[in-house]
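Engineer: Sequence:
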Amino acid sequence: MSESNHFYIRDFTKHRNLDGLSDKSLETLADSKAESTIDSYESDWNDFCDWCRYHKQSAFPASAETVVNYINDLADYAKASTIRRRISAISENYNAAGPDYKNPCREWIVKEALVGLSRKKGIAQKGKTPIYWEDMEKMVESMDLKNITEVRDKAILLMGFMGAFRRSELVGLDVEDLSFFPQGMIVSIRQSKTDQMGQGQQLGIPYLEDKHMCAVLAVKEWISKAELSTGPLFRRILKSGVPATNRLSDKTVNLIVKKYARRIGLQEDLYGAHSLRHGFATYAALHGVEERIIMKQTRHRSVEMVRHYINEANLFINNPISMIFNKKDR
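With full-length UniProt numbering as the guide, the letters of the sequence shown map in order to residues 1 to 330.
Derived from the structure by calculation, the hints contain no laboratory data. Treat each hint with caution, since some may be false.
[Stated by the list, open to error] The calculated lysine to any residue pairs, modelled on SDA-like cross-linking and capped at a C-alpha distance of 20 Å, are: (1) Lys146 <-> Leu217; (2) Lys146 <-> Asn46; (3) Lys211 <-> Ile237; (4) Lys111 <-> Lys56; (5) Lys258 <-> Asp100; (6) Lys225 <-> Thr129; (7) Lys146 <-> Met213; (8) Lys79 <-> Asn95; (9) Lys56 <-> Ser40; (10) Lys79 <-> Val140; (11) Lys56 <-> His6; (12) Lys146 <-> Lys251; (13) Lys258 <-> Thr245; (14) Lys220 <-> Lys251; (15) Lys259 <-> Thr245; (16) Lys56 <-> Thr37; (17) Lys220 <-> Leu208; (18) Lys102 <-> Asn69; (19) Lys225 <-> Lys111; (20) Lys296 <-> Pro206; (21) Lys146 <-> Thr66; (22) Lys225 <-> Val175; (23) Lys296 <-> Asn46; (24) Lys211 <-> Leu255; (25) Lys111 <-> Glu65; (26) Lys251 <-> Lys225; (27) Lys56 <-> Trp133; (28) Lys225 <-> Lys258; (29) Lys296 <-> Thr66; (30) Lys138 <-> Gly184; (31) Lys259 <-> Lys111; (32) Lys239 <-> Arg262; (33) Lys220 <-> Glu268; (34) Lys146 <-> Val68; (35) Lys225 <-> Met143; (36) Lys56 <-> Leu117; (37) Lys111 <-> Asp73; (38) Lys259 <-> Asp100; (39) Lys258 <-> Thr129.
Quick caveat, the model's predicted, so the values are computed rather than measured.
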(Lines of atoms letter the chains of each structure in order from A and count residues from 1; the text may use other names and numbers.)
(Lines give C-alpha, C1' and ligand atoms only; values in the text may rest on other atoms or scores of the structure.)
Protein backbone atom coordinates (compact mmCIF):
# COMPACT_ATOMS: atom_id res chain seq x y z
CA MET A 1 0.00 0.00 0.00
CA SER A 2 1.41 3.38 -0.92
CA GLU A 3 2.10 6.07 1.66
CA SER A 4 -0.77 8.08 0.11
CA ASN A 5 -3.12 5.77 1.99
CA HIS A 6 -1.17 6.52 5.18
CA PHE A 7 -0.42 2.91 6.04
CA TYR A 8 2.86 3.09 7.97
CA ILE A 9 3.17 -0.24 9.79
CA ARG A 10 4.93 -2.09 6.97
CA ASP A 11 7.80 0.42 6.82
CA PHE A 12 7.41 2.15 10.16
CA THR A 13 11.17 2.46 10.78
CA LYS A 14 11.34 4.88 7.85
CA HIS A 15 8.89 7.22 9.58
CA ARG A 16 10.39 7.26 13.09
CA ASN A 17 13.34 9.16 14.50
CA LEU A 18 15.53 6.16 15.33
CA ASP A 19 18.96 7.55 14.54
CA GLY A 20 20.40 6.16 17.76
CA LEU A 21 19.85 2.55 16.70
CA SER A 22 22.25 0.39 14.71
CA ASP A 23 21.30 -1.01 11.32
CA LYS A 24 20.95 -4.45 12.92
CA SER A 25 18.56 -3.08 15.55
CA LEU A 26 16.52 -1.30 12.90
CA GLU A 27 16.30 -4.54 10.92
CA THR A 28 15.12 -6.40 14.01
CA LEU A 29 12.40 -3.81 14.63
CA ALA A 30 11.32 -3.97 11.01
CA ASP A 31 10.92 -7.75 11.32
CA SER A 32 9.09 -7.58 14.68
CA LYS A 33 5.72 -8.39 13.11
CA ALA A 34 4.99 -11.33 10.84
CA GLU A 35 4.09 -10.50 7.24
CA SER A 36 0.67 -12.08 7.70
CA THR A 37 0.03 -9.85 10.72
CA ILE A 38 0.99 -6.76 8.74
CA ASP A 39 -1.30 -7.87 5.92
CA SER A 40 -4.16 -8.18 8.42
CA TYR A 41 -3.41 -4.72 9.82
CA GLU A 42 -3.42 -3.30 6.32
CA SER A 43 -6.75 -4.94 5.48
CA ASP A 44 -8.30 -3.52 8.66
CA TRP A 45 -6.83 -0.08 8.00
CA ASN A 46 -8.19 -0.13 4.44
CA ASP A 47 -11.66 -0.94 5.78
CA PHE A 48 -11.48 2.11 8.03
CA CYS A 49 -10.31 4.26 5.10
CA ASP A 50 -13.16 2.96 2.91
CA TRP A 51 -15.68 3.80 5.63
CA CYS A 52 -14.22 7.30 6.03
CA ARG A 53 -14.34 7.98 2.29
CA TYR A 54 -17.95 6.85 2.10
CA HIS A 55 -18.93 9.05 5.05
CA LYS A 56 -16.72 11.94 3.86
CA GLN A 57 -14.53 11.84 6.97
CA SER A 58 -10.76 12.04 7.32
CA ALA A 59 -9.01 8.77 8.12
CA PHE A 60 -5.61 10.41 8.60
CA PRO A 61 -5.70 12.44 10.71
CA ALA A 62 -8.92 11.12 12.25
CA SER A 63 -10.86 12.43 15.20
CA ALA A 64 -11.87 10.24 18.13
CA GLU A 65 -15.50 10.94 17.19
CA THR A 66 -14.92 9.45 13.74
CA VAL A 67 -13.50 6.28 15.29
CA VAL A 68 -16.49 5.99 17.66
CA ASN A 69 -18.94 6.36 14.75
CA TYR A 70 -17.00 3.70 12.85
CA ILE A 71 -17.25 1.36 15.85
CA ASN A 72 -21.00 1.77 16.04
CA ASP A 73 -21.49 1.15 12.31
CA LEU A 74 -19.38 -2.02 12.56
CA ALA A 75 -21.61 -3.19 15.39
CA ASP A 76 -24.44 -3.74 12.89
CA TYR A 77 -22.73 -6.86 11.55
CA ALA A 78 -19.29 -7.49 13.06
CA LYS A 79 -18.41 -9.42 16.20
CA ALA A 80 -16.97 -7.55 19.18
CA SER A 81 -13.63 -9.31 18.62
CA THR A 82 -13.52 -8.08 15.01
CA ILE A 83 -14.25 -4.52 16.09
CA ARG A 84 -11.51 -4.59 18.71
CA ARG A 85 -9.04 -5.96 16.16
CA ARG A 86 -9.93 -3.16 13.72
CA ILE A 87 -9.41 -0.49 16.37
CA SER A 88 -6.13 -2.13 17.35
CA ALA A 89 -4.97 -1.91 13.71
CA ILE A 90 -5.92 1.78 13.53
CA SER A 91 -4.07 2.47 16.77
CA GLU A 92 -0.97 0.53 15.67
CA ASN A 93 -0.86 2.45 12.40
CA TYR A 94 -0.96 5.79 14.21
CA ASN A 95 1.81 4.58 16.51
CA ALA A 96 3.87 3.61 13.47
CA ALA A 97 3.30 7.05 11.91
CA GLY A 98 5.28 8.66 14.69
CA PRO A 99 4.84 11.22 17.47
CA ASP A 100 3.78 14.01 15.11
CA TYR A 101 0.35 12.39 14.75
CA LYS A 102 -2.16 12.16 17.57
CA ASN A 103 -3.57 8.65 18.04
CA PRO A 104 -7.39 9.03 18.24
CA CYS A 105 -7.80 5.51 19.66
CA ARG A 106 -6.18 6.64 22.91
CA GLU A 107 -9.00 9.09 23.60
CA TRP A 108 -11.31 8.17 26.47
CA ILE A 109 -14.48 8.20 24.33
CA VAL A 110 -13.06 5.44 22.09
CA LYS A 111 -12.23 3.29 25.11
CA GLU A 112 -15.68 3.94 26.59
CA ALA A 113 -17.34 3.09 23.26
CA LEU A 114 -15.60 -0.30 23.24
CA VAL A 115 -16.62 -0.97 26.84
CA GLY A 116 -20.21 0.04 26.10
CA LEU A 117 -20.28 -2.15 23.01
CA SER A 118 -19.21 -5.20 25.00
CA ARG A 119 -21.86 -4.55 27.65
CA LYS A 120 -24.63 -3.99 25.12
CA LYS A 121 -23.80 -6.70 22.61
CA GLY A 122 -21.80 -9.16 24.69
CA ILE A 123 -18.42 -10.61 23.84
CA ALA A 124 -20.01 -13.23 21.60
CA GLN A 125 -22.07 -10.63 19.70
CA LYS A 126 -23.26 -11.61 16.24
CA GLY A 127 -24.56 -9.77 13.22
CA LYS A 128 -28.14 -9.95 12.04
CA THR A 129 -29.56 -13.40 11.35
CA PRO A 130 -29.60 -14.23 7.63
CA ILE A 131 -32.85 -14.47 5.70
CA TYR A 132 -32.79 -17.64 3.61
CA TRP A 133 -34.63 -18.13 0.34
CA GLU A 134 -37.27 -20.25 2.06
CA ASP A 135 -37.93 -17.32 4.43
CA MET A 136 -38.18 -14.97 1.47
CA GLU A 137 -40.73 -17.20 -0.24
CA LYS A 138 -42.91 -17.13 2.89
CA MET A 139 -42.62 -13.34 3.14
CA VAL A 140 -43.67 -12.84 -0.47
CA GLU A 141 -46.50 -15.34 -0.08
CA SER A 142 -47.82 -13.31 2.87
CA MET A 143 -48.07 -10.08 0.86
CA ASP A 144 -51.22 -8.39 -0.41
CA LEU A 145 -50.03 -7.27 -3.85
CA LYS A 146 -53.14 -5.16 -4.38
CA ASN A 147 -51.60 -2.86 -1.78
CA ILE A 148 -49.02 -0.53 -3.37
CA THR A 149 -46.94 -0.47 -0.17
CA GLU A 150 -46.51 -4.22 -0.29
CA VAL A 151 -45.71 -4.09 -4.02
CA ARG A 152 -42.86 -1.75 -3.07
CA ASP A 153 -41.81 -3.93 -0.15
CA LYS A 154 -41.64 -7.02 -2.38
CA ALA A 155 -39.33 -5.17 -4.77
CA ILE A 156 -37.15 -4.00 -1.87
CA LEU A 157 -36.82 -7.44 -0.28
CA LEU A 158 -36.15 -9.36 -3.49
CA MET A 159 -33.78 -6.77 -4.91
CA GLY A 160 -32.01 -6.38 -1.56
CA PHE A 161 -31.48 -10.14 -1.40
CA MET A 162 -30.50 -10.78 -5.03
CA GLY A 163 -28.21 -7.76 -5.21
CA ALA A 164 -26.77 -8.31 -1.71
CA PHE A 165 -27.27 -4.58 -1.23
CA ARG A 166 -26.26 -2.54 1.74
CA ARG A 167 -29.29 -0.60 2.87
CA SER A 168 -27.65 2.74 2.02
CA GLU A 169 -27.03 1.51 -1.54
CA LEU A 170 -30.61 0.31 -1.89
CA VAL A 171 -32.27 3.57 -0.85
CA GLY A 172 -29.71 5.58 -2.84
CA LEU A 173 -30.83 4.13 -6.18
CA ASP A 174 -32.66 6.21 -8.78
CA VAL A 175 -34.86 4.92 -11.58
CA GLU A 176 -32.17 6.05 -14.01
CA ASP A 177 -29.72 3.64 -12.38
CA LEU A 178 -31.61 0.64 -13.80
CA SER A 179 -31.20 -0.78 -17.29
CA PHE A 180 -33.33 -3.68 -18.53
CA PHE A 181 -32.17 -6.32 -20.99
CA PRO A 182 -33.55 -9.67 -22.22
CA GLN A 183 -31.35 -11.43 -19.65
CA GLY A 184 -32.38 -9.25 -16.71
CA MET A 185 -31.49 -5.95 -15.05
CA ILE A 186 -28.21 -4.08 -14.65
CA VAL A 187 -28.02 -1.81 -11.63
CA SER A 188 -25.51 1.06 -11.57
CA ILE A 189 -24.43 1.85 -8.01
CA ARG A 190 -23.16 5.41 -7.99
CA GLN A 191 -21.88 5.42 -4.42
CA SER A 192 -20.75 2.45 -2.39
CA LYS A 193 -18.70 1.80 0.73
CA THR A 194 -16.09 -0.12 -1.27
CA ASP A 195 -15.95 2.23 -4.27
CA GLN A 196 -12.97 4.31 -3.17
CA MET A 197 -12.70 6.49 -6.28
CA GLY A 198 -16.43 7.04 -6.80
CA GLN A 199 -16.25 5.42 -10.23
CA GLY A 200 -19.49 3.51 -9.72
CA GLN A 201 -20.18 -0.21 -9.84
CA GLN A 202 -22.51 -2.31 -11.97
CA LEU A 203 -24.44 -5.32 -10.78
CA GLY A 204 -26.41 -7.85 -12.81
CA ILE A 205 -29.68 -9.41 -11.59
CA PRO A 206 -31.05 -12.03 -14.03
CA TYR A 207 -34.69 -12.99 -14.50
CA LEU A 208 -35.83 -16.06 -12.54
CA GLU A 209 -37.91 -18.89 -13.94
CA ASP A 210 -40.18 -18.50 -10.91
CA LYS A 211 -41.82 -15.22 -11.94
CA HIS A 212 -43.49 -14.79 -8.55
CA MET A 213 -40.03 -14.59 -6.91
CA CYS A 214 -38.22 -12.68 -9.66
CA ALA A 215 -36.58 -9.48 -8.42
CA VAL A 216 -36.50 -7.94 -11.90
CA LEU A 217 -40.24 -8.41 -12.43
CA ALA A 218 -40.95 -7.17 -8.88
CA VAL A 219 -39.04 -3.96 -9.57
CA LYS A 220 -40.80 -3.47 -12.91
CA GLU A 221 -44.17 -3.97 -11.20
CA TRP A 222 -43.30 -1.37 -8.56
CA ILE A 223 -42.14 1.17 -11.14
CA SER A 224 -45.35 0.63 -13.14
CA LYS A 225 -47.71 0.83 -10.14
CA ALA A 226 -45.92 3.87 -8.71
CA GLU A 227 -45.78 5.50 -12.18
CA LEU A 228 -42.10 6.33 -11.81
CA SER A 229 -39.95 7.66 -14.65
CA THR A 230 -37.13 9.52 -12.89
CA GLY A 231 -35.80 10.20 -9.41
CA PRO A 232 -35.62 8.02 -6.30
CA LEU A 233 -36.51 4.37 -6.93
CA PHE A 234 -37.83 3.49 -3.48
CA ARG A 235 -40.09 6.07 -1.83
CA ARG A 236 -42.42 6.31 1.11
CA ILE A 237 -46.14 6.02 0.46
CA LEU A 238 -48.44 8.91 1.44
CA LYS A 239 -51.71 8.32 3.30
CA SER A 240 -53.49 8.86 -0.01
CA GLY A 241 -51.72 5.78 -1.38
CA VAL A 242 -49.57 7.85 -3.73
CA PRO A 243 -45.74 7.53 -3.66
CA ALA A 244 -43.94 10.60 -2.30
CA THR A 245 -41.19 12.35 -4.22
CA ASN A 246 -38.51 11.81 -1.57
CA ARG A 247 -36.57 8.58 -1.15
CA LEU A 248 -36.87 6.16 1.77
CA SER A 249 -34.41 6.35 4.65
CA ASP A 250 -32.15 3.38 5.22
CA LYS A 251 -33.80 2.88 8.62
CA THR A 252 -37.10 2.19 6.84
CA VAL A 253 -35.51 -0.77 5.03
CA ASN A 254 -34.61 -2.14 8.46
CA LEU A 255 -38.22 -1.78 9.60
CA ILE A 256 -39.56 -3.43 6.43
CA VAL A 257 -37.40 -6.51 6.99
CA LYS A 258 -38.53 -6.73 10.62
CA LYS A 259 -42.19 -6.33 9.60
CA TYR A 260 -42.17 -9.36 7.31
CA ALA A 261 -39.96 -11.40 9.63
CA ARG A 262 -42.58 -10.89 12.33
CA ARG A 263 -45.39 -11.68 9.91
CA ILE A 264 -44.03 -15.16 9.13
CA GLY A 265 -43.34 -15.95 12.77
CA LEU A 266 -39.64 -15.09 13.07
CA GLN A 267 -38.15 -13.23 16.04
CA GLU A 268 -37.97 -9.74 14.55
CA ASP A 269 -35.23 -8.35 16.77
CA LEU A 270 -32.82 -10.88 15.22
CA TYR A 271 -33.41 -9.49 11.72
CA GLY A 272 -32.62 -6.26 9.91
CA ALA A 273 -31.63 -4.87 6.54
CA HIS A 274 -28.27 -6.66 6.71
CA SER A 275 -30.16 -9.97 6.91
CA LEU A 276 -30.79 -9.69 3.16
CA ARG A 277 -27.11 -9.31 2.28
CA HIS A 278 -26.08 -11.89 4.86
CA GLY A 279 -28.78 -14.24 3.61
CA PHE A 280 -27.71 -14.08 -0.03
CA ALA A 281 -24.03 -14.72 0.75
CA THR A 282 -24.75 -17.61 3.12
CA TYR A 283 -27.36 -19.14 0.82
CA ALA A 284 -24.94 -18.92 -2.13
CA ALA A 285 -22.24 -20.62 -0.04
CA LEU A 286 -24.72 -23.37 0.92
CA HIS A 287 -25.15 -24.06 -2.79
CA GLY A 288 -21.42 -24.34 -3.38
CA VAL A 289 -20.92 -21.02 -5.18
CA GLU A 290 -17.22 -20.12 -5.27
CA GLU A 291 -15.87 -17.42 -2.98
CA ARG A 292 -14.78 -15.09 -5.80
CA ILE A 293 -18.20 -15.31 -7.48
CA ILE A 294 -19.98 -14.49 -4.22
CA MET A 295 -17.64 -11.52 -3.75
CA LYS A 296 -18.44 -10.31 -7.27
CA GLN A 297 -22.13 -10.02 -6.34
CA THR A 298 -21.69 -8.78 -2.77
CA ARG A 299 -18.87 -6.39 -3.77
CA HIS A 300 -16.82 -7.19 -0.68
CA ARG A 301 -13.22 -6.03 -0.99
CA SER A 302 -12.01 -8.28 1.81
CA VAL A 303 -12.51 -12.05 1.83
CA GLU A 304 -12.81 -12.04 5.64
CA MET A 305 -16.58 -11.49 5.87
CA VAL A 306 -17.34 -13.68 2.85
CA ARG A 307 -15.38 -16.52 4.44
CA HIS A 308 -17.42 -16.02 7.60
CA TYR A 309 -20.57 -16.64 5.53
CA ILE A 310 -18.97 -19.68 3.87
CA ASN A 311 -17.89 -21.12 7.23
CA GLU A 312 -21.43 -20.60 8.50
CA ALA A 313 -22.83 -22.50 5.51
CA ASN A 314 -20.24 -25.26 5.96
CA LEU A 315 -21.86 -26.16 9.28
CA PHE A 316 -24.62 -27.76 7.20
CA ILE A 317 -22.69 -28.94 4.13
CA ASN A 318 -21.46 -32.53 4.52
CA ASN A 319 -22.91 -32.54 8.01
CA PRO A 320 -22.82 -36.08 9.46
CA ILE A 321 -26.44 -35.79 10.65
CA SER A 322 -27.64 -35.10 7.12
CA MET A 323 -25.46 -37.88 5.77
CA ILE A 324 -27.00 -40.35 8.23
CA PHE A 325 -30.64 -39.29 8.38
CA ASN A 326 -31.33 -37.44 5.10
CA LYS A 327 -30.06 -39.94 2.55
CA LYS A 328 -31.75 -39.41 -0.81
CA ASP A 329 -31.90 -43.11 -1.54
CA ARG A 330 -33.89 -43.92 1.59
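Engineer: Taking each numbered hint in turn, which are not upheld by the structure, reported in ascending numerical order?
Structural biologist: Numbers 2, 3, 4, 5, 6, 8, 9, 10, 12, 13, 14, 15, 16, 19, 21, 24, 26, 27, 28, 29, 30, 31, 32, 33, 34, 36 and 38, in rising order.
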